[in-house]
Amino acid sequence: MTDDSIHDMTRQSLAVWTTALITLAVPLAARAAVAQTDLPARPNVPDMPAQLREVVFGGRKFPHVTASLGTTKVGAIHSLGKSLVLAWPVERPDVDSTATAVEQWLDSVSDDLGLHGFAPRHRETTTRYGLRAFDFDLVRDGATLMDSFVTVYCDESGIVGVHNHFPEPLASIAEMDATLRNQPSTVWFAKRRDDFAYDVVVARKSVEQNATHRIERIQTDRGVALERFEQKASFAGPMAAATFEEFSVPSGSFPDQIWADSAGRIWFSQPPNNQLTAYDPAKKTFQSYPTTGGSGPDGLWTDDKDRVWTGLYYSQQVGFLDVPTKVFTTIAAPYTPASLAIPSPSADGTVWVTDHQNNRISEYDPTLKKWVQSIVLPLSQTWVVQGVLDQGRGTVWFTGTFQHVMVAKEPGLAVRNVPVTSRGGPAFLAYHDDRVWFSEWYANRLGVVDVTNDKVTEYTYRAGENGGPMSILPDGRPVVGTRNAGYIVVFDPATQTFVDYKIPTSTGLKDGLTVSPDGSIWFTGTSTNRIARLILK
Amino acid sequence: MKTIAKQSLSISGLTLAIVFSFSDLGAAQAIPLTKASGGGERQPIVTGAGEVLYAAMAGTTRELFAVPVDGGTSTKLTTGRDIRLGYGTFDAWPSIASDATGSKIAFWDAVGVQVLDRTNNTVTTIATAASIPYPRLDAKGTDIVYQSTVQGHFEVFHRALNASSAVQITTASGEGRRFPDITANRIVYQKPVSGAHELFLYDLTSKTERQLTKNSGLGNRYGRFADDGTAVVYERTTTNDTREAWIVDLSSSTSRALTTFGTIGERLGAPTRDGYVFVQAWNRTYGITRVDSTGKEPDATIASGTTGGYRRPAADDHGHVVVYQDIDPATGMLEVWRARSCPSLDMSRYGTSGTPSVGTIGKDFESWYRCELTMGRESTVPSGRVAVLWIGGTQLSVNLGAIAPGNFLYADPIILLPTTVATNGDFSVDLLIPPTFAGTVYSQWGVLDKSANTLGIVTSSATKSTYR
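Same order as they appear, the protein sequences are chains A and B.
Each number in the working numbering comes from the position in the first sequence (counting from 1) with 1 added on.
Each number in the working numbering comes from the position in the second sequence (counting from 1) with 27 added on.
If you're looking for bench data, these hints aren't it; they were derived computationally from the structure.
Hints may be right or wrong, so weigh each one.
To be verified - Reference listing, derived: stretches of chain A covered by chain B, where coverage requires no fewer than 3 residues with Cβ under 8 Å from a Cβ of chain B: (1) 48-59; (2) 68-76; (3) 276-288; (4) 390-396; (5) 528-538.
We put the CB at the ideal spot given by N, CA and C, even for glycine.
Please build the complete structure, drawing on both the sequences and the hints.
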């Protein structure tokens with residue numbers, strides 16, 4: 002793509018950017034200046050409580066607004082339909098931290114949450130993010146809305162935040178035949194339309210039991226819309242065959258994304274410190290290398306020439322560190338504003354970089370030293386996270402967390418969205434043998450897209466453990482790091498079963514997990530300032 | 028420094044052992060062959076011509092290089108190619124291939140599959156497949172196989188290098204990579220069967236395909252022909268999801284395990300003609316272990332890796348030399364390393380042979396099996412006669428004159444190794460050459476022939492052998 006065409010593209014997107022700029026309400030210069038620590042305080046918007054930062058993927062980076070839930074003023078993140086997806090009160094409402102009290106309060110603010118007549122009904126109480134989590138199903142006409150929920154997070158002083166996972170944007174809600182009401186097999190299902198809005202329809206849930214699995218299927222008028230496998234056997238892996246090693250990061254904080262280079266050194270980014278750090282497993286030493294001030298190196302990937310690529314979130318650049326020479330090179334984004342995040346390879350030697358915040362993917366050619374193209378994704382606020390390459394087809398797949406889609410960019414074609422009907426929030430991904438595996442930020446499920454037919458299948462692992470970063474072992478087994486108690490979950494595609502391994506102390510797993518050439522699983526404990534290795538034999 | 032070398036000698040099935048000493052010029056050990064090669068992997072391979080071919084950065088592009096197997100100056104073989112390598116979790120398979128002598132090298136770049144012909148100094152584009160085609164040449168350098176996508180699936184293609192186009196071997200293979208390898212008229216590759224990649228053998232003559240393995244578990248098979256073409260070394264996922272090297276016999280299709288490591292990690296087995304297989308063994312880092320597919324010898328550690336990356340062992344026909352990649356501790360860059368299990372040998376001939384009473388003494392020959400060197404002579408001498416090889420440390424040229432007219436003593440007979448003439452007239456002895464043996468020796472044959480002259484011995488021309 003020529004510079005002119007990039008300019009044309011930028012002009013075409015001017016309206017989008019204008020909106021984004023207004024919504025962000027964060028001057029670019031201010032962002033760059035404060036990147037050493039965290040996002041800047043937003044005028045009149047209360048800070049998001051630290052415990053809620055990982056509830057919504059990229060929650061800290063989303064535009065924060067002010068809103069109301071009943072009489073309670075809140076800071077919030079808007080959903081696509083402009084209802085509230087995450088809200089935190091400026092002043093705590095007078096609600097006890099009990100399921101009954103919270104449910105009554107939720108009923109009173111359900112219109113403000115945009116629940117469209119669905120009533121929150123308490124399902125369970127757990128502990129997540131260090132808070133008491135009251136999980137509510139959404140029920141109407143005696144049927145539950147599949148894969149939708151409201152969670153209210155409380156501490157001893159009351160409500161800390163509300164997470165609203167209602168399908169948005171909503172196009173319609175069907176009428177339920179009276180004979181189907183209050184039937185165990187009747188559910189509401191948010192069906193994706195061609196325009197990617199949701200029709201909430203009446204569906205039938207069936208459950209098949211075989212020797213190893215409980216298989217749940219959701220049938221709509223178009224057949225099976227969702228198939229989900231839940232194993233019956235224990236998840237616990239043989240700890241005797243697993244070795245965890247944890248290493249405290251000596252310099253800086255917030256180890257984020259992680260990758261291995263050709264020599265098996267482990268690289269990870271540290272956004273607050275504007276540095277990339279390498280760990281040498283043989284020497285057991287760390288060595289940090291600066292990026293540029295205020296750049297916020299975010300995603301990280303090491304290419305076949307040992308160039309450590311990183312998205313410089315706050316300086317509108319992508320950069321790479323040449324490992325042999327230790328020279329760090331920056332490349333300005335082909336548009337502004339930009340928040341380049343996670344790099345990944347193409348089949349042509351180019352590098353794709355995601356921009357969650359500005360809803361773009363961009364392709365850079367290191368040989369020609371120019372941007373090839375930059376694409377505004379067709380669905381607004383896709384929150385495109387990470388890409389992965391299908392080398393056989395040359396297709397690069399991305400996760401679109403907020404829109405619950407997998408985004409396929411085939412060479413020479415426009416991007417294509419593959420809906421993830423369960424709305425689990427595809428977060429990180431890995432490719433192997435015609436399958437794109439993805440973790441789900443809002444569910445304890447591993448998803449997979451069969452790239453030959455775009456069919457999505459899901460597998461449920463240990464309850465209470467939502468997905469985080471993932472990678473894949475040399476033998477093709479996907480590996481997911483979970484974000485609550487913290488497990489490394491390994492899936493066997495042949496038996497469709499999981500085993501998991503409890504991380505001993507490092508429960509701060511967030512965005513970083515990779516498999517080094519020797520099959521060791523490495524991951525970052527972002528909040529514990531550690532990196533760790535799991536050896537499965 | 029003196030070293031004691033034990034040599035074995037086989038005569039008519041009887042093995043004798045003799046002990047003698049030679050000057051030792053230094054113990055064999057792993058040495059780096061390259062330096063400052065830049066980022067990324069080297070993926071070295073060794074040729075029968077005593078060269079190591081590898082990839083390294085030349086400025087901003089990656090090029091092919093060659094370096095003598097015992098060290099020396101590297102030669103850049105390509106310019107501006109920016110050759111591509113598979114790397115990472117699922118592309119552990121070596122990306123560079125050559126014929127036996129290294130005169131033809133297959134690789135790929137942004138254009139597609141290329142063959143560098145070093146004789147003609149030409150680069151020929153074989154196919155436009157530029158996404159991990161993993162080309163492989165046969166030993167003669169006449170045929171090439173590679174994988175390329177058809178309707179989204181990798182398929183195997185074969186092309187005779189003198190043909191104008193390639194022939195698609197597989198169709199609708201399904202998921203994953205094929206990783207084809209070729210020897211003579213046969214191709215081996217992997218395809219999915221019931222959720223696992225299994226090896227298949229394709230006969231180019233009969234155009235038939237045969238499944239070689241079953242129940243191989245998750246992951247890639249990385250099948251590779253043993254150099255004699257009778258077997259395929261591969262790897263499979265076994266108990267507790269660990270990886271082991273296996274071998275399948277092509278005549279019987281029976282498979283057996285070569286390793287019982289019980290660890291994670293890819294084996295990437297590099298077989299040899301003589302039954303050695305060099306594999307990656309994992310113990311916190313990848314090292315290299317030599318396993319004996321014939322079961323005669325115990326496993327031997329060839330190298331202990333210093334970092335967590337792939338070692339990617341490659342060996343010559345006999346397993347004398349293993350090349351691999353490991354870091355230069357001074358720079359942290361991956362470099363090409365070479366380990367020798369047996370000395371290199373340069374031979375030259377001098378002198379003339381005498382005339383037996385019956386027949387003639389012909390040209391000399393030598394061959395290796397592992398570190399066992401066979402030295403022999405062709406002849407038309409009747410079978411059953413006794414022949415003696417003598418080896419010394421001094422080159423001589425003593426005319427035996429009247430007692431043996433037309434015969435010369437070319438080497439001082441420090442060691443005498445007798446044998447008998449075989450039915451085809453050949454005679455030979457087997458010498459087990461120690462790994463650390465180095466130096467120059469001179470050898471000559473004598474055939475006991477009391478009818479030929481007064482001495483009763485007819486001498487051959489001689490051989491100068493330099494071991495390094």
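Results for each hint:
Restraint check on the region 48-59 of chain A versus chain B: 0 residues with Cβ-Cβ distances below 8 Å, three needed, restraint violated. With 0 residues having a Cβ less than 8 Å from any Cβ of chain B, the region 68-76 of chain A misses the three-residue criterion, and the hint is violated. Evaluation of the coverage hint for the region 276-288 of chain A: fulfilled, as 3 residues show C-beta separations to chain B shorter than 8 Å, against a requirement of three. Counting residues of the region 390-396 of chain A whose beta carbon lies closer than 8 Å to any beta carbon of chain B gives 4, which reaches the threshold of three, so the coverage claim holds.
Only when three residues or more bring their CB closer than 8 Å to a CB of chain B does the claim for the region 528-538 of chain A stand; here the count is 3, and the claim holds.
Violated hints, listed in ascending order, are 1, 2; each of the other numbered hints is respected by the structure.
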